[in-house]
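Chain by chain, the residues:
There are 2 protein chains.
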Amino acid sequence: MRTRPLKVALLGCGVVGSEVARIMTTHAADLAARIGAPVELAGVAVRRPDKVREGIPAELITTDATALVKRGDIDVVVELIGGIEPARSLITTAFEHGASVVSANKALLAQDGAGLHAIAEEQNKDLYYEAAVAGAIPLIRPLRESLAGDKVNRVLGIVNGTTNFILDKMDSTGAGYQEALDEASALGYAEADPTADVEGFDAAAKAAILAGIAFHTRVGLDDVYREGMTEVTAADFASAKGMGCTIKLLAICERAADGGSVTARVHPAMIPLAHPLASVRGAYNAVFVESDAAGQLMFYGPGAGGAPTASAVLGDLVAVCRNRISGATGPGASAYTQLPVSPMGEVVTRYHISLDVADKPGVLAQVATVFAEHGVSIDTVRQQGKDGEASLVVVTHHASDASLNGTVEALRSLDTVRGVASIMRVEGE
Amino acid sequence: MRTRPLKVALLGCGVVGSEVARIMTTHAADLAARIGAPVELAGVAVRRPDKVREGIPAELITTDATALVKRGDIDVVVELIGGIEPARSLITTAFEHGASVVSANKALLAQDGAGLHAIAEEQNKDLYYEAAVAGAIPLIRPLRESLAGDKVNRVLGIVNGTTNFILDKMDSTGAGYQEALDEASALGYAEADPTADVEGFDAAAKAAILAGIAFHTRVGLDDVYREGMTEVTAADFASAKGMGCTIKLLAICERAADGGSVTARVHPAMIPLAHPLASVRGAYNAVFVESDAAGQLMFYGPGAGGAPTASAVLGDLVAVCRNRISGATGPGASAYTQLPVSPMGEVVTRYHISLDVADKPGVLAQVATVFAEHGVSIDTVRQQGKDGEASLVVVTHHASDASLNGTVEALRSLDTVRGVASIMRVEGE
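Quick mapping for you: the protein sequence lines, in order, are chains H and A.
Going left to right, the first sequence walks through residues 1 to 429 as the numbering used here numbers them.
Going left to right, the second sequence walks through residues 1001 to 1429 as the numbering used here numbers them.
I should point out that these hints are in silico values taken from the structure, not numbers from a laboratory.
Misleading hints may appear alongside valid ones.
[Unchecked claim] Pairs of lysine-lysine residues, derived as DSS-like cross-links and limited to a Cα-Cα distance of at most 30 Å, are as follows:
hint	chain 1	residue 1	chain 2	residue 2
1	H	386	H	241
2	A	1151	H	7
3	H	151	A	1007
[Stated by the list, open to error] The calculated label-pair distances, taken between Cβ atoms and stated as ranges, are:
hint	chain 1	residue 1	chain 2	residue 2	range
4	A	1325	H	114	20 to 26 Å
5	H	3	A	1233	58 to 64 Å
6	H	174	A	1380	29 to 35 Å
7	A	1387	H	173	45 to 51 Å
8	H	259	A	1325	53 to 59 Å
Every residue, glycine too, gets a C-beta built ideally from N, C-alpha and C.
Chain H on its own, in the form it takes in the complex (with noise of 0.2 Å):
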């Protein structure tokens, strides 16, 4: 073993940080051996230098992050500040300070990875970050790594467990979407203004990442189709388990059929109780992965938290840091194929559409003909009438989301139809 040891910079001490630090502290021997070197806590940036930081030594503190990732003997900087700026500014100056990067900032990569991965490659440095997507999950390094050979066609994935708390809680509760929120807030699930996951913009970001990775591709956050869970109802679930369903906020990545381009989205979807992924409870994440060669795939686990988002970050730690002692770099972005990123209304799926419609004779060949008109196959229908109101459930074939679209904008201006009350997609069959 090499005596000489491996320096690493930590930027940010919060919940992911300070597990970092610790376990770098308390499991070092192990560290050591499994990298076949010692690794050594060389500075840790931080806002508040005042907060007391058990275990991590005054005089590492520093709140200069520049100045920490510029000193020149850093071999590792682990970038846990999260946001754009100024995690980007800091990844680049490290890199060009001879640097590698572990990071767990799913916004900016989703944003830049391309950039980011084209500096260190400039560098001829290390980007990692398996901490970015799914937490403790791993998920990049199989799917860039162990699926290496193999040709991924979808990826589909509870990849926000926030979302899957509230939605798990409804099902399990008859709740509805407020009463699951406020649930999830007074247990720590969701955080105060719970934007960024109930609307699906972590969940993209997520989605983003994957699907570049599977798909050996750039996915940019403005490719991926996103649709919060903040509408779903009580009704919703009452319904999907009138079809054997459950309902999940997805991330799914999927090359189309004719292998020429790829799409990426995120919104809530009736999947079958029998798929793998419908079992999925509370905030524990999971992604189902399908490609020629492997078949179906899961990786399940804990999404979020400290330990085990600090779990991923030191495995990373332990790769980047073997990479440097052999000075080699391990495999970077791969986006050879520049495979296009096709837009939502050419998505094709199945839907479970609820119609509130009068309830007199001619309403359902009515429905029926603008559906046909759309190009847009029905598969089954069900009918419910009470006090001259009437609901209408339909479930489609596979369509397009442009014919879906279209349809359910005709439907609309049925004089028949009072509204829509509720739309969709079925996924996972």
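Assemble the complex: chain H is given as a structure, and chain A must be docked to it using the hints.
Frame of chain H; chain A shown alone:
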């Protein structure tokens, strides 16, 4: 991209080998892009050279595997012939003649992984074998790399598809063992001689490999306690259901509570229906990993079959080729903890015991006394009487296997105990 191709020698061209060769041809451009250089099939060693092998040029076929691995221009040898010899000699010769090795040979890796790793390291070559455990499921790479900064405490897995198919069939249809085995054979899930699967030899080899990697120590095949699943009855499934459990053949690798030793074992066990492993159906595999920081992770997918196993082989092939190009080697064997493997007697778990007893007063007291004398604490007892005979179902609290065995031996010697109908461990709670 470098233009000189990396040369690959294939040893064995059966179900997996022919699929590897096929994908190397059909996906040549993808593999080249991901590796950074083209890969070329340089030779295929087979036993039956006259068999038609679609897509493989006849001039690549040879029966002289030794000459192939000795050629000196081979970059990677892919060993898919299985068994101990000649596989071991061929791998050794390959290393000595400058090649790295990808293998799917669980028997050989379980028996002599340490020896082969030592030769690989001596020659500064890679030895990768993701396909040796649980087919397509990325497991060795996540354990060795993703969790390299974490401390794994338990690996609990369904790692044999044949036995899972049989047990799933028994569970869902009420079939007996023989009937379910017959169906597995008819469907091609069980081999003509199913011994390696149903007696747990296959799973034990995988447990040895997983335990060694998970705990960074050496676990030999002889260190793994092994019990097959041929004695599992429909009555056992009925008992399991009564407890809210099902029965799976599990490979269990554990770190002792004091951290000073490890155990590895394969046996049928009851697990609660709520456990993610309980819902693994058919011939699928799944492995549950528990670690200090990451918490509970699960990896799920097809554990066997030509294409899935080829996916794992090719993932390794890409990694090894990348390493060749960068002049580095991947993480090799890691046995630095040198943790001893404790015998089965020291394993601590819970037990479900069915006794046939005389239906008369005082029997329960007698039985309870025997448990108490051996330090095995009882959780629940259920007594069912009929026609002078009765059955007593005891579920214990945690106890060592040695204490349990002592208890059972003493129970057998009681006049009032007519027989011990079944003993089943209870896991995953």
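Structure-based check of each hint:
1. H:386 with H:241: Since the Cα atoms of residue 386 of chain H and residue 241 of chain H sit roughly 21 Å apart, the hinted pair holds (cutoff 30 Å).
2. A:1151 with H:7: holds (22 Å)
3. H:151 with A:1007: Answer holds: residue 151 of chain H to residue 1007 of chain A is near 22 Å, not above 30 Å.
4. A:1325 with H:114: 20 to 26 Å: holds (23 Å)
5. H:3 with A:1233: 58 to 64 Å: Hint holds: Cβ distance 60 Å, inside 58 to 64 Å.
6. H:174 with A:1380: 29 to 35 Å: Hint holds: Cβ distance 32 Å, inside 29 to 35 Å.
7. A:1387 with H:173: 45 to 51 Å: holds (47 Å)
8. H:259 with A:1325: 53 to 59 Å: violated (27 Å)
Hint check: a violation occurs at hint 8 only; the rest are consistent with the structure.
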